[in-house]
Amino acid sequence: MPQPLIDINGLAKTFGPIKAVAGVSFSVDKGEVLGFLGPNGAGKSTTMKMITGYLAPSAGSVFVSGYDVARDPIGAQGEMGYLAEGAPAYGEMTPHQFLNFVAAVRGFKGVEKERAVAIAVDRTQLAQVLHQSIDTLSKGFKRRVGIAQAILHDPPVLIMDEPTDGLDPNQKFAVRRLIASMAKDKAIIISTHILEEVDAVCSRAIIIDRGAIVADGTPGELAARSRYQDAVTVEVNSTDAQGARKALKALPGVNDMLDISLDGDMRGGGAVLTLFPEPGQRLIEKVSALVTERGWKVRSLVAESGRLEDVFRACTTADAGNGGAGQ
Amino acid sequence: MSQVWNIFKRELASYFATPLAFVFIVAFLFATGVFTFYIGDFFRAGRADLQAFFMFHPWLYLFLIPAISMRLWAEERKSGTLEILLTLPIPIWASVLGKFLAAWAFAGLALILTFPIWISVNLLGDPDNGVIIASYVGSFLLAGGYLAIGAAISAMTSNQVIAFVVSVVVCFLFMASGLPLVLDAVSGWAPQFVINTVASFSFLSHFQSIQKGVIDLRDLVFFAALIGFWLFVNTVLIEQRKAG
Ligand SMILES: Nc1ncnc2c1ncn2[C@@H]1O[C@H](COP(=O)(O)OP(=O)(O)O)[C@@H](O)[C@H]1O
Ligand SMILES: [Mg+2]
Numbered sequence: 001m002p003q004p005l006i007d008i009n010g011l012a013k014t015f016g017p018i019k020a021v022a023g024v025s026f027s028v029d030k031g032e033v034l035g036f037l038g039p040n041g042a043g044k045s046t047t048m049k050m051i052t053g054y055l056a057p058s059a060g061s062v063f064v065s066g067y068d069v070a071r072d073p074i075g076a077q078g079e080m081g082y083l084a085e086g087a088p089a090y091g092e093m094t095p096h097q098f099l100n101f102v103a104a105v106r107g108f109k110g111v112e113k114e115r116a117v118a119i120a121v122d123r124t125q126l127a128q129v130l131h132q133s134i135d136t137l138s139k140g141f142k143r144r145v146g147i148a149q150a151i152l153h154d155p156p157v158l159i160m161d162e163p164t165d166g167l168d169p170n171q172k173f174a175v176r177r178l179i180a181s182m183a184k185d186k187a188i189i190i191s192t193h194i195l196e197e198v199d200a201v202c203s204r205a206i207i208i209d210r211g212a213i214v215a216d217g218t219p220g221e222l223a224a225r226s227r228y229q230d231a232v233t234v235e236v237n238s239t240d241a242q243g244a245r246k247a248l249k250a251l252p253g254v255n256d257m258l259d260i261s262l263d264g265d266m267r268g269g270g271a272v273l274t275l276f277p278e279p280g281q282r283l284i285e286k287v288s289a290l291v292t293e294r295g296w297k298v299r300s301l302v303a304e305s306g307r308l309e310d311v312f313r314a315c316t317t318a319d320a321g322n323g324g325a326g327q
Numbered sequence: 328m329s330q331v332w333n334i335f336k337r338e339l340a341s342y343f344a345t346p347l348a349f350v351f352i353v354a355f356l357f358a359t360g361v362f363t364f365y366i367g368d369f370f371r372a373g374r375a376d377l378q379a380f381f382m383f384h385p386w387l388y389l390f391l392i393p394a395i396s397m398r399l400w401a402e403e404r405k406s407g408t409l410e411i412l413l414t415l416p417i418p419i420w421a422s423v424l425g426k427f428l429a430a431w432a433f434a435g436l437a438l439i440l441t442f443p444i445w446i447s448v449n450l451l452g453d454p455d456n457g458v459i460i461a462s463y464v465g466s467f468l469l470a471g472g473y474l475a476i477g478a479a480i481s482a483m484t485s486n487q488v489i490a491f492v493v494s495v496v497v498c499f500l501f502m503a504s505g506l507p508l509v510l511d512a513v514s515g516w517a518p519q520f521v522i523n524t525v526a527s528f529s530f531l532s533h534f535q536s537i538q539k540g541v542i543d544l545r546d547l548v549f550f551a552a553l554i555g556f557w558l559f560v561n562t563v564l565i566e567q568r569k570a571g
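Just so you know, the protein sequences line up as chains V and C, in that order.
With this note's numbering, letter number 120 in the first sequence gets 120, and the count goes up by one each step, no holes.
With this note's numbering, letter number 95 in the second sequence gets 422, and the count goes up by one each step, no holes.
Simulated from the structure, these hints should not be mistaken for lab results.
You may find that some hints are simply not true.
[Stated by the list, open to error] Cut-off 16 Å, straight-line C-alpha distance, at most; resulting in silico cross-link-like pairs (EDC-like, lysine to aspartate or glutamate):
| no. | chain 1 | residue 1 | chain 2 | residue 2 |
| --- | --- | --- | --- | --- |
| 1 | V | K139 | V | E85 |
| 2 | C | K336 | V | E92 |
| 3 | V | K172 | V | D199 |
| 4 | V | K186 | V | D154 |
| 5 | C | K405 | V | D135 |
| 6 | V | K30 | V | D154 |
| 7 | C | K405 | V | E92 |
| 8 | V | K139 | V | D165 |
| 9 | V | K184 | V | D29 |
| 10 | V | K246 | V | E235 |
| 11 | V | K186 | V | D7 |
| 12 | C | K405 | V | E85 |
| 13 | V | K184 | V | D154 |
| 14 | C | K569 | V | D72 |
| 15 | V | K30 | V | D185 |
[Claimed, not checked] Stretches of chain C that chain V covers, calculated by requiring three or more beta carbons in the stretch to come under 8 Å of a beta carbon on chain V:
| no. | stretch |
| --- | --- |
| 16 | 339-345 |
| 17 | 409-422 |
All residues carry an ideal CB built from backbone N, CA and C; glycine is no exception.
Next up, chain C with everything else stripped away, as it sits in the complex:
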């Protein structure tokens, strides 16, 4: 476990060693602002809640999270530092977990920095802060799900651009499987349980259910299982790479 911590610290520090962290956080805050105020019509809605703000997170993350995760392994493969990482006495799972947690903490930091919006709604009205907290938790879990997918995909290539594009596509599939667009396409011919299964894999349905203000155990289990599964895939991919 101490190796997870060592990896975590090194990774997290590496975000801040370059302007990357700054650029990302600014982009994130800017994009959430644009979505919330212009597209989400935050003011005219006349409601004191953050629904407009959270509604766009799945879409925002679709591009911003792969931008974080793309470098996780691809960069190490490219620069040759993977050879250092894998010849130090660190179990591969510990590297996988440490890197993931660092990226997740970083995404969490960006999310926390949106707090002025929260303060604003409290000044403007009387929002249900329980719902808002639940939504933040949901958004954080959502980011974790995207990150776990992106990290595993980053482990397959030494090209960050490829890692980014493939991650966006795969994350989109996971998100969109709950959209009417996809469900309608399936519902014409597939039996109900297939439709339910497809829908149950969707980030969107789980995120939306958390956004209502109740953190259901099923939603937690969903995200935990999803993250666990992709981290396992990540570990296997790195292990496989040894075979050459």
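Just chain V, with the same shape it has in the complex:
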């Protein structure tokens, strides 16, 4: 059985009394884009720092392309590209100088080096700022320099810590498209707390909280755990509100109902009722049949689907650890 490109077992890190990462195991195969989710201070960055060999684990192991990061960090690092949190870079250098330095360190020479730098510059659209010192670049360009540096050697494994943090919507879109375009032949981990990003680029998501994995699955599977999965939301007007409340709540298969009454001056009153199903139940047909039967004036009838955000909130604590993302 071929080994997955990234293989992590029982990984843990303690900083004095703080358990930043508390025994995390997972693996990532070629072709997968893993979204690493969790509130601030959950341990995402610390995990990535251990994968890339910046921090030594307190316990556990990381294998990258078969290299043990603890034993052979240089071998493993050759297989990886890494965008660290906040995309640090040598500010006095220009992107051109910086990328050439990284290319030289990655073993490129002469024409090969020029080609590798040119491709990375092209993919991250850095051409217009190539000879301007990195210190003077906007946040978006700085981030792209960090990404260019990480993908320069076309590594089989890519680790990116909040690649779209602080970017405007267009830049976010461009970065996501870039990640998606590389997904096919790499194992990629991106950390984020933007949940829409997971739907946009990830084939799988792991949610961690206080250093431990609390959920692992495809975005669809995770969303399906949401109580909104197969829920139905009906908006009825004020004359029908009272009757609808009672009848819908009593409908077989309904587990719970969220009832938001609208004031008279809000859309002319009435109520927005969300019905949550018992496990495995589908409600939309029953609800629409009941609506027709009773002749309620319905403003909208929506079949909900699972919300990742809801799952995220349900399985993480509001403020993990001391909430710091600090060094």
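Using the hints, position chain C with the ligands against chain V.
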């Protein structure tokens, strides 16, 4: 070894990317001038040699070298670029060596730029150029010793000011261990071999012996061992940092 070269080039270029290099070199030349001509009384001494010039190097370096070395690691820790450096496939020893050599080359450049003084003494008289060359070599080794200490201390902190102050203190101890001030304090109670050992650790005694014009193997070994030791300490400190 090619990684040492990559680091060396990047570091050396970074000195010249800011006015830092220029400021340092001007300060160095100015200070050597002041020491040599005013305090060292170069002209009235009426001798055609550079003793007055070299005599002050250990003191000058005490402040100027930590000013170079303080940023070597502290700046990378502060700005987060250490995370790039340590996650690129570069052995830590290669980064340590490359950074040190770049700083040393830079100090060497500043030293070379004092050549007008050398030319002057040759115009004024007939100096022993062998002694002068030996003294330049000695001064360069001395700078290397200070730098190796300063680099290791810079690796302990992300604060450049702390790195500077601690480096000055430690360098002073290494220099001063050969001064009568320190030796007298020890000689009252310690056995002779302790005194000799303390004195033998002094930059000053080794520098002065080279300044006489003979580069003794013992002096070379001293500086090589000292630099090697501190670079090793530097590597261990960076390696340790991984533990968090
Ligand atoms: N170098 C460090 N020293 C002490 N505590 C740290 C250090 N790095 C991170 N932590 C702590 O570890 C926890 C996890 O941090 P981090 O991995 O940065 O979280 P995330 O990236 O998920 O926001 C936090 O409580 C943080 O304060
Ligand atoms: Mg983080």
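Inset, instruction - Determine which of the earlier numbered hints do not hold for this structure and return their numbers in increasing order. - result: Nothing - there is no hint that the structure violates, so all of them hold.
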